[in-house]
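Chemist: Here's the letter readout for the chains.
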Amino acid sequence: MNQLHPLYFFIDLAGTFAFAISGAEAARQKGLDIFGIAVLAFAVACGGGIIRDVCIGAIPPAGLSDWHYLVTAIAASIITITLQPLVKLLNRPVIFFDALGLALFAVSGARKTLSMGYNNEVAILLGMITAVGGGILRDIMLARVPVVLEKEVYASAALLGAAVVTFGTWWGWAGDAVFLAGFLSSFALRLLAIQFHWQLPAFKDRKG
Amino acid sequence: MNQLHPLYFFIDLAGTFAFAISGAEAARQKGLDIFGIAVLAFAVACGGGIIRDVCIGAIPPAGLSDWHYLVTAIAASIITITLQPLVKLLNRPVIFFDALGLALFAVSGARKTLSMGYNNEVAILLGMITAVGGGILRDIMLARVPVVLEKEVYASAALLGAAVVTFGTWWGWAGDAVFLAGFLSSFALRLLAIQFHWQLPAFKDRKG
Amino acid sequence: MNQLHPLYFFIDLAGTFAFAISGAEAARQKGLDIFGIAVLAFAVACGGGIIRDVCIGAIPPAGLSDWHYLVTAIAASIITITLQPLVKLLNRPVIFFDALGLALFAVSGARKTLSMGYNNEVAILLGMITAVGGGILRDIMLARVPVVLEKEVYASAALLGAAVVTFGTWWGWAGDAVFLAGFLSSFALRLLAIQFHWQLPAFKDRKG
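Protein chains in written order, with my numbering: chain A, 23 to 230; chain B, 23 to 230; chain C, 23 to 230.
Hints listed in this document are in silico derivations from the structure and should not be mistaken for laboratory results. Only a predicted model underlies this, so the values are computations on that prediction, with no experimental measurement involved. One or more of the hints may lead you astray.
Remember, identical chains collapse to one label, so a pair may be satisfied in a single copy or spanning two.
As the list claims (entries may be wrong) - Listed below are the simulated DSS-like cross-link pairs for lysine-lysine, each with C-alpha atoms no more than 27 angstroms apart in a straight line:
#1 K226 to K173
#2 K110 to K226
#3 K52 to K173
Make a model of the complete structure from these sequences and hints.
Modeler: Shown next, in the form of structure tokens:
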């Protein structure tokens, strides 16, 4: 992200940090040891981006080669372990930063895919996977159904951001406008869904 | 698949559709929301092929870049949600198309791997993974042991198809003969296994 | 591994065999059929290396293209099924060979990554993933939380071996010295952890 505005870089790390906290906290509650906590923090923070990079041939994946992500994940693990009262206090901020990370990862994932010359479908799908892949990995490793697939509008917000970026680019908008439109639409949808408990419908058979 | 016979293309989409129905229906029964249903449908239909393409360096994976698969998965999701009575009626046809998809994916996975110049072992293993990888992903995301690994002869049928294609090519058979032999042997083995409830042996300790 | 000392090759196969036994035995206990047993044996033995090779662009992954691994996994499956009393007798040797495999995979994973020109962080992370990735896949497929993340010092031993290799190479040590130092430190840490039941701390909330 070096060529981008410093603000993007800060948002990127803030989102990574929020994702890592969610992984570390879930691992701690499940009783994993200190190493398992760090692995889950890293998996949530970097898993989606690593899947994207493998699919677009960006080898080695940035999540493995850029030390900012690893350090952020380790810092989030240490804070989760040592400062539990803070993490509980942070609950609202973490949800906020998680929404920030979701929107940013969706947008940056779509942009990176487009920048390597792939088509719109690949960009939209991989933008979404960048944003939600880490959370899905977390839940798979904790042997539970990914909440991403049953929770309030979450992956859908990532999809919106990735789609806005992809079609904005397609229609020739300026780079900054594309970025802002994608990021804000995704972020706003996620915050509204949290605030008003928006749910997508499910269709499970009712038990008689 | 554009260079192949139109019939292959139809079988490919029919298999994709059957795989997607199995993912969508499993997700619906588990209570996932509409988005989770679409994700599972897509994962079953395209997951195996994406793993294969990543392993042979066919970047980006066809499952992500070819809109036919995405549209088929979305159509299967919509049908699963809106036409439940039809899906229940379709139960037998879905099993039939699933066997069709299994055989076709095993054969096309092995052919694609060979066409990129890799050795026989890679072709056989990736042909099988193309066919069963999506179903394994589905069960992992639903936090259960993959039925593929305990069910009536299933992955074995995929293995047979991939092996026939690989050795047929090795022995210099004509392309169409290889395709037909691999497809028919795999499809027949799967149908026979369903019909006669063939099971491979398991070796679990008996509870005293 | 052809250019290496024959001893390395033997250790590599012994580690692969021990890993495969652990997969086959876990699958057997869970009641998977003979095919599922072979799949789990192969996944544990080769899964970590396949993830590493995909991340560094070593296509196709050695685990898929080198028949030694497949044959070793199949042999381990057959022994697990037919020679149960032997596997129970082998319990201590298997733990020993598993530690051998863990140390060797961590070292060889880090070396392979460095040999392709990637940075130290990538080498350390992928060295560790080579060693523990297969075990994590096994537990994901058996729908349980990876023991690797909660067990006695295990992934940490892999991390140590990968780190010693990476920094030894960085500091310009001779190739054999790097190999031995990484291997012995990792192997010794794992054996000590088994012997003395070393655990990393966990931080689960106490139930009142």
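Chemist: Would you mind marking each hint as holding or not holding in the structure?
Modeler: Hint by hint, here is what the structure shows:
Proximity of K226 to K173 under the C-alpha cut-off of 27 angstroms is found in both arrangements, the shortest distances being 15 angstroms within a copy and 24 angstroms between copies. Taking identical chains as interchangeable, the C-alpha atoms of K110 and K226 lie at most 27 angstroms apart only when they sit on different chains, with a minimum of 14 angstroms there against 33 angstroms within one chain. In this homomeric assembly, K52 and K173 come within 27 angstroms of each other (Cα to Cα) both inside a single copy, at 20 angstroms, and across copies, at 13 angstroms.
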